[in-house]
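Protein chains in written order, with my numbering: chain A, 149 to 346; chain B, 149 to 346.
To be clear, the hints were calculated from the coordinates, so they are not data collected in a lab.
Since the structure is predicted, the reported quantities are computational estimates derived from the model, not experimental observations.
Think of the CB as a built atom: it goes at the ideal place given N, C-alpha and C, for glycine as much as any other residue.
Heads up, some of the hints might be wrong.
To be verified - Short derived list, chain A residues pointing at chain B, Cβ under 8 Å: (1) Thr213; (2) Leu336; (3) Arg337; (4) Leu340.
Stated by the list, open to error - With a straight-line Cα cutoff of 20 Å, these simulated SDA-like cross-link-like pairs (lysine to any residue) come out: (5) Lys246(A) - Thr152(B); (6) Lys274(B) - Val247(B); (7) Lys182(B) - Arg164(A); (8) Lys246(A) - Glu156(B); (9) Lys182(B) - Asp268(A); (10) Lys246(A) - Arg171(B).
What the hints assert, rightly or not - A few chain B positions that, by computed beta-carbon distances, are all more than 10 Å from chain A: (11) Pro166; (12) Gly167; (13) Arg175; (14) Thr213; (15) Gln226; (16) Lys246; (17) Leu262; (18) Asn292; (19) Ala293; (20) Gly326; (21) Glu327; (22) Gly334.
Listed below, chain by chain, are the residues.
Number of protein chains: 2
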Amino acid sequence: MDATRDIEALIGLMARLPGLGPRSARRAVLHLIKKRDTQLLPLAQLLADVGRTVRACLNCGNLSTGDICAICDSAKRQTGLICVVEDVADLWAMERAKVFHGRYHVLGGTLSPLDDVGPDDLHIPKLRDRIAAEGVTEVILALNATVEGQTTAHYVAQELAPTGVAISGLAQGVPIGGELDYLDDGTLRAALSARKAF
Amino acid sequence: MDATRDIEALIGLMARLPGLGPRSARRAVLHLIKKRDTQLLPLAQLLADVGRTVRACLNCGNLSTGDICAICDSAKRQTGLICVVEDVADLWAMERAKVFHGRYHVLGGTLSPLDDVGPDDLHIPKLRDRIAAEGVTEVILALNATVEGQTTAHYVAQELAPTGVAISGLAQGVPIGGELDYLDDGTLRAALSARKAF
Ligand SMILES: [Zn+2]
Ligand SMILES: [Zn+2]
């Protein structure tokens, strides 16, 4: 009997994942078939579970299994402080670093008129609402140091100006352990112009 | 509610796939969650289907949804000719190239006394049985040009010698479009010693 139709469809779906191409997708699928009980079936089950239960927090856009995510719902998080990020991946990076203890607002992208991504798509009105509702005193714009990220940051700052909330951005400069030789010009320029007394 | 337990388990499983690490697994999982209906749920379903239906062909070791695979079962394949490969991935490569029209025998690995992989694990007795049962006149050893592949090829050739079947191996040499400058010494040496009159 022909097993190739399902397997080819599976390889096709895997090949659409970021970081995988046709060849690595084939290798991944063969690997899964060989590890049927310990990897393929658990993966199928977890994907189905996540697909059924996970959605966006109605308050901040983080992933959640209920209307409100664990971070928005936690009494242990500092109130009055919101960190604005582009994507859930950035929220995860902040959480892994264990350096921020307030709440988040996930934009879900950057402003992009060409791709028809406007302020409403990025939940910016919702962010403005939260400032009053949650008694927010400071908003940290932790957007990527890209043109799109910084354009979006400026727009958000402008939109929030009437609320009087303090607005800050992440410092730019040389990363810890960074070797000057490997840094791009923009980073070097930013690090130089923000130089501090030694 | 906390969505992180299932998502972290999912990232952990994805990170065990060949070619993916923790970072690319996180990106893949976020990508899937964003494409819930078009990618995550279809992937979960296909994995479950493949896990339920796909197994090894009892005759040749190719993937199959029944006892006997589509290639062994096809009346269109040339009889009397078996191509021995290490892995299903190699069978796929041969089929993509559309250059072989006989049947296969998938060893499922190479001989490796250290890893406790012996002749029975590689279905070599079954291969010997097939030579009589299918009236095979030629066996092509299409094993990888690695030490393990060639050691296994020599063992298989030795085992099949008493059957009197013709045994061949793939030619070694410069790949089509290959630039000498990029080839390893072993390939160059093999290509030189197998040189042909111009
Ligand atoms: Zn939330
Ligand atoms: Zn078969």
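For each hint, the structure was consulted:
no., hint, in the structure
1, Thr213, "holds (4 Å)"
2, Leu336, "violated (25 Å)"
3, Arg337, "violated (28 Å)"
4, Leu340, "violated (30 Å)"
5, Lys246(A) - Thr152(B), "holds (15 Å)"
6, Lys274(B) - Val247(B), "violated (25 Å)"
7, Lys182(B) - Arg164(A), "holds (13 Å)"
8, Lys246(A) - Glu156(B), "holds (17 Å)"
9, Lys182(B) - Asp268(A), "holds (18 Å)"
10, Lys246(A) - Arg171(B), "holds (18 Å)"
11, Pro166, "violated (5 Å)"
12, Gly167, "violated (4 Å)"
13, Arg175, "violated (5 Å)"
14, Thr213, "violated (4 Å)"
15, Gln226, "holds (19 Å)"
16, Lys246, "holds (14 Å)"
17, Leu262, "holds (20 Å)"
18, Asn292, "holds (14 Å)"
19, Ala293, "holds (18 Å)"
20, Gly326, "holds (18 Å)"
21, Glu327, "holds (21 Å)"
22, Gly334, "holds (23 Å)"
Consistency note: the structure conflicts with the earlier hints numbered 2, 3, 4, 6, 11, 12, 13 and 14.
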